[in-house]
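One line per chain: the protein sequences are A and B, in this order.
The opening residue of the first sequence carries number 1 in the working numbering; numbering runs sequentially from there.
The opening residue of the second sequence carries number 1 in the working numbering; numbering runs sequentially from there.
There may be inaccurate statements among the hints.
From the structure, some residues in chain B lie toward chain A, with a derived Cβ separation under 8 Å [claimed, not checked]:
1) THR15
2) LEU18
3) LEU25
4) ILE27
5) GLN29
6) MET64
7) LYS65
8) PHE98
9) ARG100
10) GLN101
11) SER102
12) ASP103
Among the chain B residues that face chain A by a calculated CB cut under 8 Å, a handful are [as the list claims (entries may be wrong)]:
13) ARG17
14) LEU106
15) MET163
These are calculated hints, taken from the structure and not from any lab test.
Note that the Cβ used here is the ideal one computed from N, Cα and C, for glycine as well.
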Amino acid sequence: MAEAGDGAIQVQCLKDINLSLDKGDRLGLVGENGAGKSTLLRVMAGIYRPQEGCVKREGKTVPLLDISLCLDDNATGRQNIRLRGLFLGLSSEQISAHEQEIISFSELGDHIDMPVRTYSTGMRMRLAFSISMAVEAEILLLDEVLAVGDSAFQAKATARLREISDRAGIVVMALHSSPAIMKFCNKVAWLQDGAVRMLGECHEVIRAYDQFMHSKEKTDA
Amino acid sequence: MLKESLSSFLRGCRTWRLWTLLGWLDIQQRYARSSLGPFWITLSMGVMVGAMGLVYGTLFGQDMKSYLPLIGSGFVLWALISGILNESCFAFINNANFIRQSDVSLWVYIFQVLWRQMIILAHNVVVIVVLRIVFNVKGYDHLLLFIPGLLVLLLNLTWMSYMAAIWSARYRDVPQLIASCLQILFYITPLMWWPHMLKKHQWIITINPFSSLVDLVRAPVLGAYRSQLAGVLPLFLL
Numbered sequence: 001m002a003e004a005g006d007g008a009i010q011v012q013c014l015k016d017i018n019l020s021l022d023k024g025d026r027l028g029l030v031g032e033n034g035a036g037k038s039t040l041l042r043v044m045a046g047i048y049r050p051q052e053g054c055v056k057r058e059g060k061t062v063p064l065l066d067i068s069l070c071l072d073d074n075a076t077g078r079q080n081i082r083l084r085g086l087f088l089g090l091s092s093e094q095i096s097a098h099e100q101e102i103i104s105f106s107e108l109g110d111h112i113d114m115p116v117r118t119y120s121t122g123m124r125m126r127l128a129f130s131i132s133m134a135v136e137a138e139i140l141l142l143d144e145v146l147a148v149g150d151s152a153f154q155a156k157a158t159a160r161l162r163e164i165s166d167r168a169g170i171v172v173m174a175l176h177s178s179p180a181i182m183k184f185c186n187k188v189a190w191l192q193d194g195a196v197r198m199l200g201e202c203h204e205v206i207r208a209y210d211q212f213m214h215s216k217e218k219t220d221a
Numbered sequence: 001m002l003k004e005s006l007s008s009f010l011r012g013c014r015t016w017r018l019w020t021l022l023g024w025l026d027i028q029q030r031y032a033r034s035s036l037g038p039f040w041i042t043l044s045m046g047v048m049v050g051a052m053g054l055v056y057g058t059l060f061g062q063d064m065k066s067y068l069p070l071i072g073s074g075f076v077l078w079a080l081i082s083g084i085l086n087e088s089c090f091a092f093i094n095n096a097n098f099i100r101q102s103d104v105s106l107w108v109y110i111f112q113v114l115w116r117q118m119i120i121l122a123h124n125v126v127v128i129v130v131l132r133i134v135f136n137v138k139g140y141d142h143l144l145l146f147i148p149g150l151l152v153l154l155l156n157l158t159w160m161s162y163m164a165a166i167w168s169a170r171y172r173d174v175p176q177l178i179a180s181c182l183q184i185l186f187y188i189t190p191l192m193w194w195p196h197m198l199k200k201h202q203w204i205i206t207i208n209p210f211s212s213l214v215d216l217v218r219a220p221v222l223g224a225y226r227s228q229l230a231g232v233l234p235l236f237l238l
């Protein structure tokens with residue numbers, strides 16, 4: 001952390017990130033809290049701009065980054081489908097065409113006409129995820145959001161994500177659960193203090209990361 | 001830099017479906033479950049114009065027949081100006097949730113404020129129409145000139161809003177500062193009084209850009225015609 005001239009505090013979150021992903025890649029991001037996983041996802045999504053270097057993306061990018069998930073609490077589920085659809089760059093006609101499919105995938109039933117503030121966390125996630133799936137995403141960025149769904153929905157969601165990567169898309173997800181990453185990802189990047197500590201094949205990185213975390217647990221205890 | 005900001009502006013314009021929906025949802029939610037709904041806007045404006053008009057018209061010894069339309073149109077326009085500038089301060093602050101998750105152009109949130117205030121204006125215009133009919137204001141020749149006037153006003157408010165939004169997001173004193181400036185401007189802009197009533201210190205009107213901006217829309221509405229473009233054009237230089 002550094003203090004700039006006007007008293008504002010600047011935080012350097014990421015440094016020297018060199019990463020290139022190709023069609024069909026499913027990258028898992030692991031790292032301790034505050035390692036820069038979410039920040040990296042936001043940079044990939046084009047929401048934060050890097051101060052140095054550049055980000056090159058080819059294809060429709062859909063971010064799903066926060067537990068609030070870009071939903072408007074006071075609007076109904078149906079209104080939120082429109083709202084988030086527009087945020088993701090869908091046209092009005094595309095949204096109407098996909099509406100039914102989104103509602104059925106989210107399994108919200110009659111709740112769809114209730115304000116989102118009455119939803120549980122899992123219901124919100126199901127809605128937001130279903131809307132994002134309706135977009136023909138080529139690059140999907142997920143931040144821990146699937147963790148709040150029940151196991152049935154998680155299985156369904158994982159299957160959908162696999163479909164995306166199979167039809168030549170890229171999925172990047174930050175996750176704390178090593179088994180989930182092993183199940184889904186083919187590549188893993190381990191972030192530490194804003195830099196990539198290790199990048200490579202899934203099992204290898206996860207093994208090293210788990211070992212590191214275990215030894216940290218022991219020294220802390 | 002210039003090219004980038006222009007493309008961001010155009011991207012913002014193109015997503016009109018998004019900001020019209022955002023603005024509309026705001027209005028819908030603000031008046032949800034109230035029986036009058038958004039017509040509270042019309043009602044409270046009507047009552048305020050009536051009450052203030054009676055008191056100040058009497059204080060200034062004015063003829064109600066011309067004074068009430070003046071104060072009515074003045075208040076409606078000021079509600080638009082102060083509404084846009086006050087609320088644009090929070091355009092980015094209140095939308096942090098959306099901004100952090102989506103790469104849509106930041107102009108979307110400015111247009112959201114403008115659109116919301118345009119909906120409010122549409123409700124308030126009823127007050128002007130009623131006043132014009134009740135007091136039989138003549139002069140329909142130049143009435144439609146209020147449209148280009150309103151456009152110039154909105155264009156100016158657009159850049160002001162964007163600056164207010166950026167500054168407010170960075171320095172949290174700005175919303176307070178803007179609110180109190182607008183309070184002062186309300187009294188020194190000829191809204192409740194005719195410009196000619198200010199015998200001395202006419203310069204207050206001359207240097208206040210809002211008096212020409214307000215006049216540009218109000219003069220046609222009141223059945224007068226005055227070309228004030230010269231006073232407004234310099235604003236675009238900023």
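Here is what the structure says about each hint:
Residue-level restraint check for THR15 (chain B) holds (minimum Cβ-Cβ distance to chain A is 7 Å; threshold 8 Å). Here the hint on LEU18 (chain B) is kept, as its CB sits about 4 Å from the closest CB of chain A, short of 8 Å. With a cut of 8 Å, the hint placing LEU25 (chain B) at the interface with chain A holds, because the nearest CB-to-CB distance is about 5 Å. Taking 8 Å as the C-beta contact cut-off toward chain A, the hint placing ILE27 (chain B) at the interface is violated, the least distance being around 12 Å.
Evaluation of the GLN29 (chain B) hint against chain A yields a held restraint, the C-beta minimum of about 5 Å falling below 8 Å. Taken as an interface hint, MET64 (chain B) does not check out: its beta carbon lies about 42 Å from the nearest beta carbon of chain A, beyond 8 Å. This hint is violated: LYS65 (chain B) has a C-beta 44 Å from the nearest C-beta of chain A, more than the 8 Å allowed. Among the interface hints, the one on PHE98 (chain B) holds; its C-beta lies about 6 Å from the nearest C-beta in chain A, closer than the 8 Å criterion.
Because the closest C-beta pair between ARG100 (chain B) and chain A is about 6 Å apart, less than 8 Å, the hint holds. Because the closest C-beta pair between GLN101 (chain B) and chain A is about 5 Å apart, less than 8 Å, the hint holds. Because the beta carbon of SER102 (chain B) sits about 5 Å from the nearest beta carbon in chain A, less than 8 Å, this interface hint is met. Taking 8 Å as the C-beta contact cut-off toward chain A, the hint placing ASP103 (chain B) at the interface holds, the least distance being around 4 Å.
Taken as an interface hint, ARG17 (chain B) checks out: its beta carbon lies about 6 Å from the nearest beta carbon of chain A, inside 8 Å. Taking 8 Å as the C-beta cut-off, the interface hint given for LEU106 (chain B) is violated, the closest approach to chain A being about 11 Å. Evaluation of the MET163 (chain B) hint against chain A yields a violated restraint, the C-beta minimum of about 18 Å exceeding 8 Å.
The structure is inconsistent with the numbered hints 4, 6, 7, 14 and 15, although it conforms to all the rest.
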